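Number of protein chains: 4
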Amino acid sequence: GPVSPATEARVLVINTGGTIGMVYHENVLAPQPNALVKTLRKLLILHDETYARQTCLYDYYDPPENTMVLPLSKQNKRIIYTVLEYSPLLDSCNMTTDDWAQIAKDIEKHYEEYDGFVILHGTDTMAYTASALSFMCEHLGKPVILTGSQVPIYEMRNDGRDNLLGALLIAGQFVIPEVCLYFHHKLYRGNRVTKVDAGSFNAFSSPNLAPLANAEVDISFNWDTVWRANTTAKFFIQTSMNRNVGLLRLFPGITAETVRAFLQPPMEGIVLETYGSGNAPDNRADLLEEFRKATDRGVIMINCTQCLRGSVTESYATGKALSNAGLIAGCDMTPEAALAKLSYVLAKQHLSLDEKRKMLSENLRGEMIASLQGAKLSLRDS
Amino acid sequence: GPVSPATEARVLVINTGGTIGMVYHENVLAPQPNALVKTLRKLLILHDETYARQTCLYDYYDPPENTMVLPLSKQNKRIIYTVLEYSPLLDSCNMTTDDWAQIAKDIEKHYEEYDGFVILHGTDTMAYTASALSFMCEHLGKPVILTGSQVPIYEMRNDGRDNLLGALLIAGQFVIPEVCLYFHHKLYRGNRVTKVDAGSFNAFSSPNLAPLANAEVDISFNWDTVWRANTTAKFFIQTSMNRNVGLLRLFPGITAETVRAFLQPPMEGIVLETYGSGNAPDNRADLLEEFRKATDRGVIMINCTQCLRGSVTESYATGKALSNAGLIAGCDMTPEAALAKLSYVLAKQHLSLDEKRKMLSENLRGEMIASLQGAKLSLRDS
Amino acid sequence: GPVSPATEARVLVINTGGTIGMVYHENVLAPQPNALVKTLRKLLILHDETYARQTCLYDYYDPPENTMVLPLSKQNKRIIYTVLEYSPLLDSCNMTTDDWAQIAKDIEKHYEEYDGFVILHGTDTMAYTASALSFMCEHLGKPVILTGSQVPIYEMRNDGRDNLLGALLIAGQFVIPEVCLYFHHKLYRGNRVTKVDAGSFNAFSSPNLAPLANAEVDISFNWDTVWRANTTAKFFIQTSMNRNVGLLRLFPGITAETVRAFLQPPMEGIVLETYGSGNAPDNRADLLEEFRKATDRGVIMINCTQCLRGSVTESYATGKALSNAGLIAGCDMTPEAALAKLSYVLAKQHLSLDEKRKMLSENLRGEMIASLQGAKLSLRDS
Amino acid sequence: GPVSPATEARVLVINTGGTIGMVYHENVLAPQPNALVKTLRKLLILHDETYARQTCLYDYYDPPENTMVLPLSKQNKRIIYTVLEYSPLLDSCNMTTDDWAQIAKDIEKHYEEYDGFVILHGTDTMAYTASALSFMCEHLGKPVILTGSQVPIYEMRNDGRDNLLGALLIAGQFVIPEVCLYFHHKLYRGNRVTKVDAGSFNAFSSPNLAPLANAEVDISFNWDTVWRANTTAKFFIQTSMNRNVGLLRLFPGITAETVRAFLQPPMEGIVLETYGSGNAPDNRADLLEEFRKATDRGVIMINCTQCLRGSVTESYATGKALSNAGLIAGCDMTPEAALAKLSYVLAKQHLSLDEKRKMLSENLRGEMIASLQGAKLSLRDS
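Chains as they are written, first to last, in the working numbering: chain A, 54 to 435; chain B, 54 to 435; chain C, 54 to 435; chain D, 54 to 435.
What the hints contain is simulated information worked out from the structure, not anything from laboratory work.
Predicted model only: the values in this text are computed from it and were never measured.
The reader is advised that the hints may include incorrect statements.
Note: identical chains are not told apart, hence a pair may lie in one copy or across any two.
[What the hints assert, rightly or not] Straight-line alpha carbon distances no greater than 25 Å define the calculated DSS-like cross-link-like pairs of lysine-lysine that follow: (1) Lys-158 x Lys-373; (2) Lys-127 x Lys-373; (3) Lys-411 x Lys-346.
Go ahead and model the full structure; you've got the sequences and the hints to work with.
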């Protein structure tokens, strides 16, 4: 008869698209609908057909044609996973806030049925989506892990199988109530990552926070870093996200006209990618005036660094100029996380402007170190 | 009497400003005019007063009050350096194309008198300035090395002394006819670097090209990488740079309105920071239409990746959409280098649009690998 | 009919044993004879049964039951590989010089039939074997690539498939006339590696030489580093290796008694792992006396550093003490390479002691930078 | 009058010798007695003569000629340090257990007078000495920080000033009751480091434990890692160390004769550097017999890996063979730490053999992770 259900875990795989499931057509990669499950069924490390038949798995799980089971894990668990494939499959370059909302809704819809969720997604905007989902999911109590690959799973040399397998093993067996991103043997907090390499299997980096786990010969967790919910509130999602937000990177010679054009209505919030520790030209009255005017009409601006690593605080001089112009210090947030947070907070119509600004300056999902006071002994801020 | 001139080398240090020469005033860093030389004179590793007096150095070099001499180097050279300090000192956040032109003019003015040039500069926009100078200097035959520090040279723990000393030793002793950036024991090609860390002494990275030299216990050069001039043409500078250029980073949900506003006249050229290997939304006819319209009216756009590492080629599908919309593949250029190159090429008024586009797609100063064909064996472009 | 033979390449896989082919028995890993091929046949990325049948592959290649074919590669090649499995399978901890000779003989025996060779081997002593084979193979004109894995190929999460696949693709398609080691997406020169991590998939490092190739999304080669034969001499092997060699690591408080015991006959050569740049106690007349006595009776000693990175030269003071005691500077050789080289050279009975010492101080197979003079500008050796 | 003593901290600098204080004589580095203090007095970042005179410092501290004061730190402290120079100065290659005892005695002698201790030491054996001192110091309540340099402090480009300054600032201002090693901007636990690079300023690595602190632009501590004393017992030192200990590295073809010779009396304990996760030849009855015989006559052997990173546990098969032969699992200890621990424990004459073995398998000073059970989820130990 079937093995005791206690040893089984269920994971929902939401296949939104991306390189992992693409196929070459005339040297161009394109999504291939309804193909992924067929391939997974043939891969010994990703499906154990013997177990499925012995346990009459397909009689118990729904829909059977999209359900598979991993070989027995080292923790003596059977991870049964069901693939929910989007139609049409999406190229991650084309992802919008509506797609984020759809993913969130699918997590919510199936929240009780599954122990964890894996989201297959293209790598190009995976860091943006992971950041967005981290805010859209309120009181998350189960793992939601985004993954994908640099090379399609159908290719001979590919990173898709390892990435999917690792994500499934973690989503099905460990209590990590976070939106994560798993790639190349590492589990990251989703709102801490950025894509740093277009050509390497090691495509992502979490520059300001160590990985939550390393899946080498052994899987080792940094449990001190994993998010601990301090509430028993029920999971729900916020699907509305404000679309009138943008990313603006400073560069030498940027004109007030460019800034004004970028900030013009309907823009409601921007992440300003500044220099170093949050610096901008402080002798450019015209620029600062544009920032001030935007702030005055209610546009919210977050000051993030264009450096890969590091933090923006209000204690620096040129940072102070921006702070005086109304910008909020983005601390050590990635631009991707700051943009998603802005979109999330600006959509809260019941909040006042001040409440939104306050919320943006607080740590909501581990996306930043809220206060740097006391954490470091600076040579520069004596 | 004075030591044989054959053993001496002369370096001009152009102090444009930056953290290296700043001082704290009420916890805020501010430039301190006319202070750097006084401090350097007191530092044993940066000035040998005994030698200066024994050789009557101040009688020979001009102006004496700004001239110093390093202790004898391991290569048995005496590097005599003169500091030319800008007034006012500049915060690198405030640097403009005019400032780049001033630096270039000062190099040209003193080109024959010195064996090499060191440019002291703030770190925040040093990568932009290094890129710009690399294009502005034509047929450069001597080293021009930008450096600076994360912590002022007046502070107890600081990186300014090591950075200045290393830059002087290389500028005075080695034939490296390039605009370089020296930081934290490494010499980089100037148009290959980007600032990656706001809080570490190891602030810069050259993601797509190995350093030209490592200055550890020994100084070791990668001579295969160092630029070799294939001409004996005379050095000259181009000081005109087109200011109507900009950096635009793609993000999910970017609107056609934002793109149109950013591209509106007088904008003449932009670097588009795309996803991954040069991808953009290909189902966004509105966006592609904006790019196409801009191209049609003569705006030149370069496609660079927003990933730290990697390259944009025309062989990818979504890259092709941008290529069809008229964008030029930026290969493995940094956004900083691409922006500077655009500003440099667009200023060449005698060139036709097609000639400008052709020039932009070629390797001019080692800022990119011009052709990736044959260099790699791709899993993706069969 | 069968595809044109011109598009096919043949690789011999010599399976000596190791973790890659082990299975758990009561929580203990043990070799599993005659199992690897059965598993490889079921893995889609490692065998294309359809092609094999369509081309009547098994009629052409021998022995058919151990022959497989990879899917079509990006370079449009079919790599047909045959597994030669040792019986009994060996744990790499148990490898001896006889086993090295057996591998070399099998390469020689099949040299003309195959385009390249892959050696499956346990990771624990893989660096020693790779070093030994690099010397035993004279005038090698085809790739010999050692690989293996940290986790058995039969496990769900494993590195064996990627490692074997990468080694096959390189061995079958590229002209790299070296003994190499392929692991975790990198191809190294075999006599340059050392195992640095017991628990990571990234188990090997080549501390003093950059990898020959990186197999990420694309495979990129450092062709400047790949060995170029400057001869058309015919391939042959030297199977005799001197066994009376050893590795001795210095430590504070090491006694002359310990050294004397270690150096006593029949010991004929040792690699001394010294401190830093080749230093040893220079106030320990008793130790130096033991070294001197050993040298005087014909024992050859090579001075290598116990640091992971760096080089031993004769220009250092304490290094000079050892040089005076008769030790040969090991430059930047790994201890593994130095031991193998010693074993190889000492087996050349027709050579005089001086000829052996001279040969040991020369670069034979790219295992070291023979002369560091001029390569670096030292702060220490003015 | 003098500044309030509350803002001053006192550090004792014990200058044992090493490259940091060496000078070139005919291209050979040699120690230079009584020179370091004279140089330090002239370095602005390492001595503030104005403050010393204003506060009549030399009237208060003893001996005045060897006492200096740092400029005001960012934490508003004045660190007053006194240099105690050994005569003769020692080359670290020549260090013995007697020298370790001397250092420990000097710490004990001055323990109450100073807030922290800095030990200047050559880099070659610094990891051995740091390990030894960590065991010799019982109930340490103040920081003891070893440092030194790759290039003499008298050279133009050198790492000695930064290393000494960083060590002084940490020793004088933070509660880190450990024997540490500070090098190239990082503070490590002393018994966790090994010298990994003979030619880089970044010479040390702590492969199995993250640094205790990073001293970049800011100094940031990993307070979770810093040792917390769980006792109020009084500090004391154990100066006796057993000298009959050794390091033996396995290599293919090692003979039983070599092992027997190495293990012969008076050897009482050895660290065996095994392969990978603690493996040795398990088909070599002759070798295992030698280990067994040694164990039977009371020799204690610790099993450490020769890999830079990783751990030895008793759960592996070939490790079990060694465990059966009586070896103690060294977990993730460095060979340097294991050797020092062995020397320390074997000197405790009041302990029985079993008590010594038990002590050696426990975590005494943070030198190892005592129990790996539960810390990792292994693919290999299901």
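(request) List in ascending order the numbers of the hints, as given earlier, that are violated by the structure. (result) Failing hint: just 1.
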